[in-house]
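The listed protein sequences correspond, in order, to chains A and Z.
So in the working numbering, spot 30 of the first sequence is number 30, and the numbers just go up one at a time.
So in the working numbering, spot 23 of the second sequence is number 1023, and the numbers just go up one at a time.
Among the hints, a few may not be true.
[Unchecked claim] Simulated DEER-style distance windows between Cβ atoms: (1) A:31 to Z:1006: 13 to 23 Å; (2) A:18 to Z:1006: 34 to 44 Å; (3) Z:1002 to A:81: 41 to 51 Å; (4) Z:1028 to A:86: 11 to 21 Å.
[What the hints assert, rightly or not] With a straight-line cut-off of 20 Å between C-alpha atoms, the simulated DMTMM-like cross-links for lysine to aspartate or glutamate are: (5) Z:1101 to A:86; (6) Z:1019 to A:160; (7) Z:1017 to A:6; (8) A:14 to Z:1003; (9) A:155 to Z:1106; (10) Z:1035 to A:86; (11) Z:1017 to A:82.
Hints are computed from structural coordinates only; laboratory data are not their basis.
It should be emphasised that the depicted structure is a prediction, and the values quoted were computed from it without experimental measurement.
Note that beta-carbon positions come from the ideal geometry of N, C-alpha and C, so glycine has one too.
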Amino acid sequence: MRMNWEEIKLLQKKPRFVYEGKDTVPGRSLGGSKLIVIDITSDAHFYSELLTITYNTLDDDGNDDGVNHLSVKITDGEIRRELNTDFIDLAPFAVPGRQRTPGVPGDPGNELHVAGFPWPYLWGANGSINLDTRNDSDSELTVTYQFHGFKFPTKDFIIDG
Amino acid sequence: MVETITRPNCYPYIYGKRKLEIKNPVEHIYFKVNKDSDFYLYFLLVNWPIGTDTPDLSFSIRDKSRGKTYTDIPVSITNFTTPAKLPFISGTNPINFMFFKDSPIEVIIEGQTPGTPFDPEYININLWGLHQA
C-alpha cells in the first residue's frame, strides 16, 4: 500500500477535537441504566478516530474489586444506526487485559483505561452519539467516554449519503 | 466552495457476549453477521476474572458456512493478549478475517488441559471489526 502524502497533510491541517460524555450510572436497584448523549454541534461534522473510556469498578457493597459492571450500546443518533450487538461489556476493550476476582490480594485501582481504541466513524453535524449504558452493580458508577478526531466545518463540507 | 464528503460505506461494529459461563472442555460460541453488511473481523477481545485460573486458554475462529478457518489448531490466547496488565490494544494482534453478510461466526475456546473445562467464573468476548455495506 502506498501512502498518500497529500491526504495526510490535509488531515493534519484539520482542527483536532474531543467530544466527551461523562455521567453517573445508577445502581441496579435504582434502574441501573443511563442514556448518555453527546451532541455534535451544528458548526461541524466530526470524524472520530479513537474512543477512550474510563470508569470505576465498585461492587454491590461499594468496594473496589477491579471488576467491570458496565455495558453499553452505541448508536448514531442522527441516522439511527446501531454500532454493536445488544449491550457489550466495556472491559474487553476498555481495561487492560483480564479482570481481577474479588478476594484476590492486590490493588485493582480506582480508574482503569487504555490509550485508545480505534473508532473510525463520521458523525454528522447536529447529530448525536448515544451511549446507552447499563450497570449491574448495586453501586452508582461513573463513566467517561471520549471520542478523539477531526472537525469538518459545515461551511466548507456537506455529507453526501 | 463547499466540498462533499461521502459517508464511508464501512463503520466500526462490535459483536459481543458478556458473562458467558464455560461448562464444556471445548466450548462453541456463535455470532451471526448482520444481513445487510459483510464483517471484517479485526480484533478478538477476551477477558475473564483471574481467580485461581491460569491464563491458559486456546481459541480458534471459523466461518462454518464457507468452511474457512482462521486457526485450524486452537492457538493460545496469550499470543493475542499478553501480558495481562498491559493495555489490550498493544497486546492484541490483528486478526484480519472477512465474514460475509448473514454468515455464522464460530469461536471455539478450550482450556490447555485436554478434557478439562477451562473454568473461570465467566468470560467476556467482543469481536471488533468493520461492517461494510
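_Are any of the numbered hints broken by this structure? If so, which, sorted upward?_
Going through the list in order, the structure violates hints 1, 2, 3, 6, 7 and 9 and respects the others.
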